[in-house]
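S.K.: Fit chain R to the given chain H structure using the hints.
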Amino acid sequence: MVAQIGPLVQVGRRKTALALHVLGGIAGGLAIGVVLGFLGVLLRAAIGDALDTVFIVVVPAALIYAALVDLGLLPVRSLTWVRQTPGDWPCSMGHYPGIFAWGFDLGLGITTRIPYQTLLVVPLSAFLVGDLGTAVAITTAYGAARALAVVAAVASATEDYAAVCDAISDRVLTLKKLVGASALVIAALIVIS
Amino acid sequence: MVRTARVGGLVGLAGAFGIVVAMLAGETSASMGVPTVFVLVSLSLVVGLSTAASP
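Taken in sequence, the protein lines are chains H and R.
Under this note's numbering, think of the first position of the first sequence as 1, with each following residue one higher.
Under this note's numbering, think of the first position of the second sequence as 194, with each following residue one higher.
Next comes chain H alone, as it looks inside the complex (with noise of 0.2 Å):
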């Protein structure tokens, strides 16, 4: 995504360029939210105040799953599928709706390739919680950081965008290593609180 993004906002206003694709990736985790947010409250509807006691037994133990297979300490294959957000959507769409697709798209979480298990937590703790405020909140948060980190990687590359891309995949086990243990002590601290 650096590395498409980056030569395009060469093109066109940089700052609005970036502002779009952060507000497309709040967009599309609002979005998300939303339609997870009301199953969830459909949910709790359906089955009251046990939802809680399953959110509390059932989200722990997906980050605790999801941490040891981004550990790598548990050899399963992963959950994902190969589906990229199209490269071509600024050429079809047009230049800034194109790159706010891209931070929608991404923004939704599930649409792309699952780079760590532990997103897959993401939306199924939002659809657990069973409360439309703080799912949206759960989702908006992903959208809007994912985005935040595409800015950070573009803002930080002078030019050399392969290069910054090269320095991020460089770390991507280092990373998968880190957001395994963050889900860790999340699962953890979800038990606790």
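FYI, nobody ran anything at the bench for these hints, they're computed from the structure.
Be careful, since some hints might not be right.
Stated by the list, open to error - Just some of the chain R residues that point at chain H, by a computed CB distance under 7 Å: (1) Met225; (2) Val227; (3) Val230; (4) Ser237; (5) Leu242; (6) Thr244.
The model shown is predicted, which means the values in this text are computed figures rather than measured ones.
Note that the Cβ used here is the ideal one computed from N, Cα and C, for glycine as well.
M.R.: Frame of chain H, contents of chain R only:
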């Protein structure tokens, strides 16, 4: 130095955003308190900030 400050600023901005969102959502949530919402939002921030290179 400027780049580090810029990246740090963006990460800080994301963190501040997460805290504010967690407090707002936590106060309106009937079953989940602020701490749980903050933890869940933190998870989203950690995963989101770690996926810059993924298409």
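S.K.: A separate judgement is required for each hint: does it hold in the structure or not?
M.R.: Do the hints match the structure? See the list:
1. A cut of 7 Å between beta carbons decides the hint on Met225 of chain R: the least distance to chain H is about 6 Å, and the hint holds.
2. Hint status for Val227 of chain R: violated, given a least beta-carbon distance of 9 Å to chain H, over 7 Å.
3. Checking Val230 of chain R against chain H: minimum C-beta separation of about 5 Å stays under 7 Å; hint holds.
4. Given hint, Ser237 of chain R at the interface with chain H, holds; its Cβ is 4 Å from that chain's nearest Cβ, closer than 7 Å.
5. Given hint, Leu242 of chain R at the interface with chain H, holds; its Cβ is 5 Å from that chain's nearest Cβ, closer than 7 Å.
6. Checking Thr244 of chain R against chain H by beta carbon gives a least distance of about 5 Å; that is within 7 Å, so the hint holds.
Going through the hint list in order, the structure does not satisfy hint 2, though it satisfies all others.
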